[in-house]
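Here the structure of chain H is known, so what remains is to put chain U in place on it, guided by the hints.
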Amino acid sequence: VASDRARTTLHRGTGHTATAYNAVPSCDPVAGDRTDAEIIAASLIDGEEFSAVFERYHQDIFRYVARRLGRQAADDVTADVFVAAFGRRDRYDLDVPRCRPWLYGIASNLVRDHLRRAKRRSRAYLHAAVLEPHADLTDLDTEERAAVAAAIPRINQALGRLSVADRETLLLVSLGELTYEEAAIALGLPIGTVRSRLWRARRRMQELLPDLRQTTDDVDSSEDQP
Amino acid sequence: VNAPAHPVDVKLRAVAGNPLPSAIDRSVAARALATAIASSAAVDGPVGAPVREASHRVAWARRGSFARVAFALGAVVLIAVVAVIGLLRPQPVTALGELAAIAERTASPVVASGEFLYETVQQTAFTSLPAEATGSDLGEVAYHEHTMVETWTASDGAVRRTITYETPSFFDTAATAAFEAGRLDAVPAPGTVVTEDLAPMPGILEERPWPEAPDDLLEVMRVFITNEGQDLSEEGAVLELAADLLRAPGASPELRGAVIAALDRMDVEVVERDGSQVVTVSVDYGAPGDRQRLTLEFDAGANMIRETLVAVDFAAIAGVPEGTIIEDSVYSVPMVVDSVERP
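Protein chains in written order, with our numbering: chain H, 1 to 226; chain U, 1 to 343.
Derived from the structure by calculation, the hints contain no laboratory data. Each statement offered as a hint is correct.
Facing chain H, from chain U, some residues (calculated, C-beta under 8 Å):
id : residue
1  : H6
2  : L12
3  : V15
4  : L20
5  : A29
6  : A32
7  : I37
8  : F126
9  : E145
10 : T147
11 : D197
Since we're looking at a predicted model, the values are computed, not measured. Glycine included, each C-beta is placed from N, C-alpha and C at the ideal position.
Isolated chain H, as found in the complex (with noise of 0.2 Å):
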């Protein structure tokens, strides 16, 4: 069966989730001295205390939104979620310490209303911009760029042959490094919903592109990625 190789394991007493996708957030905010809900319970009463949400997760955001667009709608799609979270953080259920899935449910919904609207200005964008490639490409050499840069349509096209709903969930795992639970509560749905979402992806993913196929002992060291 060709696949969903990334079943989570899970320690369900425990409420955590340990993947080989497993986000490394940028700080642990829980072990720090306020939790996200309590700096949000706060930003209730003084608006500017809703600064350190921003301080936690704006690297973490940021990398997500210019995986989706790329650096240059990256900058105003992050200040966007902030604001629209700041806007929205009243109704921020405070028993939830961390805040990190929400942040990406909001990041997620303005980067597909980003897509929709370039969609809607060009019809050649149709099936296209679903991801962008990074920027800094000056790391890698000649070769490695002309890979990365002819790989890109190819996998855009793939992507954008998914539905909307798959499209999201893979995205949200693969570029947003959310675990399958994180995932689940960003999109509001059960966790079952995930998984058959993912699996179906990935495996059309892997029908459009034969060369995802590949195992992980076959591909190159990318996955350390954090």
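This is chain U only, laid out in the frame that chain H set:
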């Protein structure tokens, strides 16, 4: 235990790189947030009320014209006459047309402060374990994960959710044996209950205004899915979107009725089950070897009670029979309760 990274994820991350914000990127976002914080403080101040009051007075001053009142009365009479003529003309009623009318007449449950909307979803999801995890020579093991999901949605949109893991089912006895030998049935063990508290999230209803006239709604749905650039057949994508709208908490009776009436205008297969008054709406999509069928099921009260995605053919996957469920969700009819306890 860490599972190996999936090749698809590895490739996507390699291509997308690891872009980090520059000092300028950071200052752009910080400035935008600071402006929002400052604006919020200003709006919450005492200047807001007089401005709103003034605009309220201006709005009423514009409504004094006799001619406008007469015109409005004339329009109301005309609409009433057209509506009566429409009602008198006999029209063929389809199963979905009947359900749409029922949905429009059925008030949405009202959740007051301190109350919760309680729903259950019995879910089956197709998933698999990598060969490394089973430790056997079976390779990857595909199976169905079964869960019972219960949700309590508060009046402000916050959600308490419990997921109860049930015994998984396999497609052959060898896979079952490998699964049990590897003690994988303990992760999570059947009977495990996970409780999550979720913050309110914007949903499909906030994406855009959804018209409540079926023809207009269908047009907007088609434009919506076109913009999304999906690879499903058009009817398949519209049916998925229809399910999203019917599932959305807070959908008005008018919108629910319009969605069902829109389905009646689509190229879908409609089946009425004799005796049970259940109506199903199905559409197939996908290329040979990857064909799938999405089916929505409605009860006599116009409630969407089931949503099923089935693999019509599974040529690419050895050992998994055709007709395998990819995802199956059986929904309860929502009810209002006064605590986050199982009713």
